[in-house]
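Q: This is what each chain is made of:
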Amino acid sequence: DIQMTQTPSSMPASLGERVTISCRASQGISNYLNWYQQKPDGTIKPLIYYTSNLQSGVPSRFSGSGSGTDYSLTISSLEPEDFAMYYCQQYDSSPWTFGGGTKLELK
Amino acid sequence: QVQLKESGPGLVQPSETLSLTCTVSGFSLTSYSVSWVRQPSGKGPEWMGRMWYDGDTAYNSALKSRLSISRDTSKNQVFLKMNSLQTDDTGTYYCTRAGSPGYFDYWGQGVMVTVSS
Chain A
1 DIQMTQTPSS MPASLGERVT ISCRASQGIS NYLNWYQQKP DGTIKPLIYY TSNLQSGVPS
61 RFSGSGSGTD YSLTISSLEP EDFAMYYCQQ YDSSPWTFGG GTKLELK
Chain B
1 QVQLKESGPG LVQPSETLSL TCTVSGFSLT SYSVSWVRQP SGKGPEWMGR MWYDGDTAYN
61 SALKSRLSIS RDTSKNQVFL KMNSLQTDDT GTYYCTRAGS PGYFDYWGQG VMVTVSS
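Heads up: the protein sequence lines correspond to chains A and B, in order. At position 91 of the first sequence (counting the first as 1) the number is 91 in this note's numbering, and the numbers step up by one without a gap. At position 64 of the second sequence (counting the first as 1) the number is 64 in this note's numbering, and the numbers step up by one without a gap.
Bound conformation, chain A alone (with noise of 0.2 angstroms):
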């Protein structure tokens, strides 16, 4: 299977930074990673699909980028509501594989 590896798995962060979560595959996965937010209520939203694509109706401060082993998810300036749990998913081999998250949480 497929480790993913997010880092780091808290992150302080202020209103209004510029954030960036890492995750890294223990294998190549052509791009085929997927980025999602969840609430503390459970709720499970997708951000970012193939790498880099905004799933529709999500904020452009969100954006998504790497290649081979090495993805990151970028969020501009955190907005009150980024403050969540981010999983990141690959989904180049069955059976598709979790990160175990990133907290960002309130300086």
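There is no bait here: all hints are sound.
In silico PhoX-like links for lysine-lysine, alpha-carbon gap of 20 angstroms or less: (1) A:Lys45 <-> B:Lys5; (2) A:Lys39 <-> B:Lys43; (3) A:Lys103 <-> A:Lys39; (4) A:Lys45 <-> B:Lys43; (5) B:Lys81 <-> B:Lys64; (6) B:Lys81 <-> B:Lys5; (7) A:Lys103 <-> A:Lys45; (8) A:Lys103 <-> B:Lys43; (9) B:Lys75 <-> B:Lys5; (10) B:Lys5 <-> A:Lys39; (11) A:Lys39 <-> A:Lys107.
Treat the hints as calculated values from the structure; they're not laboratory data. A quick note: this is a predicted structure, and the numbers were derived from the prediction, not measured.
With chain A fixed as given, assemble chain B onto it according to the hints.
A: Just chain B now, kept in the frame of chain A:
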């Protein structure tokens, strides 16, 4: 609009079988695949398996011996059955729609399952 909703028992005895139902609306099960994803408390999600739009299934090899996914297209429902439950099967179980292979574009609210005697 697209909606998925999980239902099932919140408490299951160890060694027993978990049965969950995902009821969907706003799309057809013959056009989109539906997956089950679970999440232990404080951990990342785990993809369990999927029901393809054509009725075929695929499972996570780690769970394959215990897991079965089926559907009733007339009722817009997808079912999960997993046997021999243990305490580490405790967590929140989600059903999700795949807008394209491997990309979960809609999620249910999740159902919390506790395995305990």
